[in-house]
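Trainee: Please arrange chain B on chain A, whose structure you already have, making use of the hints.
Keeping their order, the protein sequence lines are chains A and B.
Residue 34 is where the first sequence starts when you use our numbering, and the numbers rise one by one after that.
Residue 34 is where the second sequence starts when you use our numbering, and the numbers rise one by one after that.
Hints are supplied without guarantee of correctness; some may be wrong.
No distinction is drawn between identical chains; accordingly, a pair holds when it is met within one copy or between any pair of copies.
Keeping only pairs whose Cα atoms sit at most 30 Å apart, straight-line, the calculated DSSO-like set for lysine-lysine is [claimed, not checked]:
1) 83 with 133
2) 133 with 155
3) 133 with 230
4) 109 with 176
5) 73 with 83
6) 173 with 73
7) 83 with 100
8) 133 with 172
Rather than coming from a laboratory, the hints here were simulated on the basis of the structure.
Nothing here was measured: the structure is a model prediction, and the numbers come from that model.
There are 2 protein chains.
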Amino acid sequence: MRKGDKTREYIIMQAANIFNQQGYFGSSVSDIMRETGLRKGGIYNHFESKDELVLAAFDYAIQLVNKRYAHAIEGKSTALEQLIAIISVYDNIIEDPPLKGGCPLLNTAVESDDTHPVLREKAREAMDRWLRFIRIIIKKGIKLGEIRNNIDVDAVATFIVSTIEGGVMVSKLYQDSAYMHSVIDQLTHFIEHTLRKTKH
Amino acid sequence: MRKGDKTREYIIMQAANIFNQQGYFGSSVSDIMRETGLRKGGIYNHFESKDELVLAAFDYAIQLVNKRYAHAIEGKSTALEQLIAIISVYDNIIEDPPLKGGCPLLNTAVESDDTHPVLREKAREAMDRWLRFIRIIIKKGIKLGEIRNNIDVDAVATFIVSTIEGGVMVSKLYQDSAYMHSVIDQLTHFIEHTLRKTKH
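Looking at chain A on its own, in the form it has when it is part of the complex (with noise of 0.2 Å):
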C-alpha cells in the first residue's frame, strides 16, 4: 500500500466515527481536520469533496458491521443458530458498537433518506444485501427442515431486521444496552416458536 493509500484509509476510519455520530450534515470538514490533525489540504488532497469522502466513511462503516454478522456465524451450523447469532450482533449496542454512533445503516437510513439521493441509494444497496443475507438463511433452513415452509420469507426478513434496528434506535435513545436486550430475547422467542419447524 502507497503512503497516499494509507493517509485515505484514516481519513476514511475518523471520518466514519465521525459520520456515524454527528450525521453527514452535523460534520464539517472542520471536525475531520480537528479529528485526523490534518489541515483542509490534507483532506482534499485525497477527496475532491466532502460528498466523495461521505460516500467512502460509509462503506467503510458497512464493512465493519458486515465483518461482525460473518464473525457471528462463523461454527453455528444450523439456520436458527445463525439467525439468533445476527440478532445478537447488537447485544451491547451501547458498550461495544461496530463503531462510535451505533448503527451506520439506521444512521444513514434515517438521515438520507429525504435528503441525499446519493447516500440513499447506497443506504439501499446495503438494505439490500442484509435482507438478501436473512433471505438466505431462512430459505436454507426450510429446505434442510429447520424452519416451517409456511412462513412468508421476505416478510420475516423484513420483520427481523427492522426489529433489530428499532431496538437499536430505542437503546442509543436511552444511552442503555437493556431495552436492546429485550428486543433480542423476544426476537430469539419468535424464532423459537413460529419459525422453527415443531416435531410431529
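Mentor: Below, chain B without anything else, positioned relative to chain A:
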C-alpha cells in the same frame, strides 16, 4: 389568540415539517425563511434561537403523532384491538405520514442521541410516554383476561415500539409502505398468537 401567537404557531408548523425531513443540523434558518415567507427578524421575533424553535417544533410534531394514536384507539374496546390499532398507525407511512418526513420520534432520536442532549431528553420523554401508553393497555388486557399474564410487560412494550420504528425506517429508506405492511402483519400475528390468552 393574539396575532403574534398565530405567527408563532405558523412558524412552528412549517419548521416541524422541514426539520422532520432535513434534520435539525441539515436545516438552516434560510430554509425556514423560504418556507414561511418571513424574514429572519420575523422569525427571531418569536424565537430567541434556532434551538428554541427546534424544541417547539419537536413538541408540535409529537402532538400530531399522539393525536393519531388517540384517534386510532377510539371506539376500540378491547386491549388487543387497541394494540393492533396502535401498530397500524404507520400503515401508510409513505403516502400519509403524520407530517412530512415520517416519524418525528425516530428522526429526532437518531439525530440527537450523540449530538444534542436537550433534544435527546425531549425525545426520551416522548418515548417514555409512548412506552407507558402501551404498557397500560397491555396491563389492562392482562387484568381483563384478554392477554396472558406470564409475559414481561416492559419487554413486550419495547419490542412493539422497536418493531414499529424499525419498520418505519425500512419503509422510508425504500419509499415503500409495503415493508411497513409486512412488519404490521408479523406484529399482528405476534399479538394474536403470543400475547392473546388462549381459551381453556
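Trainee: With reference to the structure, classify each hint as holding or not holding.
Mentor: Tested hints:
For the homomeric pair residue 83 and residue 133, the shortest alpha-carbon distances inside one copy (20 Å) and between copies (27 Å) are both at most 30 Å. Taking CA atoms no more than 30 Å apart as the test, residue 133 paired with residue 155 passes in both settings, with 20 Å inside one copy and 22 Å between copies. For the identical chains of this complex, residue 133 and residue 230 are neighbours neither inside a copy (38 Å) nor across copies (42 Å), given an alpha-carbon limit of 30 Å. For a Cα distance limit of 30 Å, the shortest separation of residue 109 from residue 176 inside one copy, 17 Å, qualifies, whereas the shortest one across copies, 42 Å, does not.
When the C-alpha separation of residue 73 and residue 83 is checked against a cutoff of 30 Å, the pair qualifies both within a copy, at 11 Å, and between copies, at 28 Å. In the homo-oligomer, the alpha carbons of residue 173 and residue 73 never lie at most 30 Å apart, since the shortest distance is 50 Å inside one protomer and 60 Å across protomers. When the C-alpha separation of residue 83 and residue 100 is checked against a cutoff of 30 Å, the pair qualifies only within one copy, where the shortest distance is 26 Å, while the shortest distance between copies is 40 Å. For the homomeric pair residue 133 and residue 172, neither the shortest alpha-carbon distance inside one copy (33 Å) nor that between copies (37 Å) is at most 30 Å.
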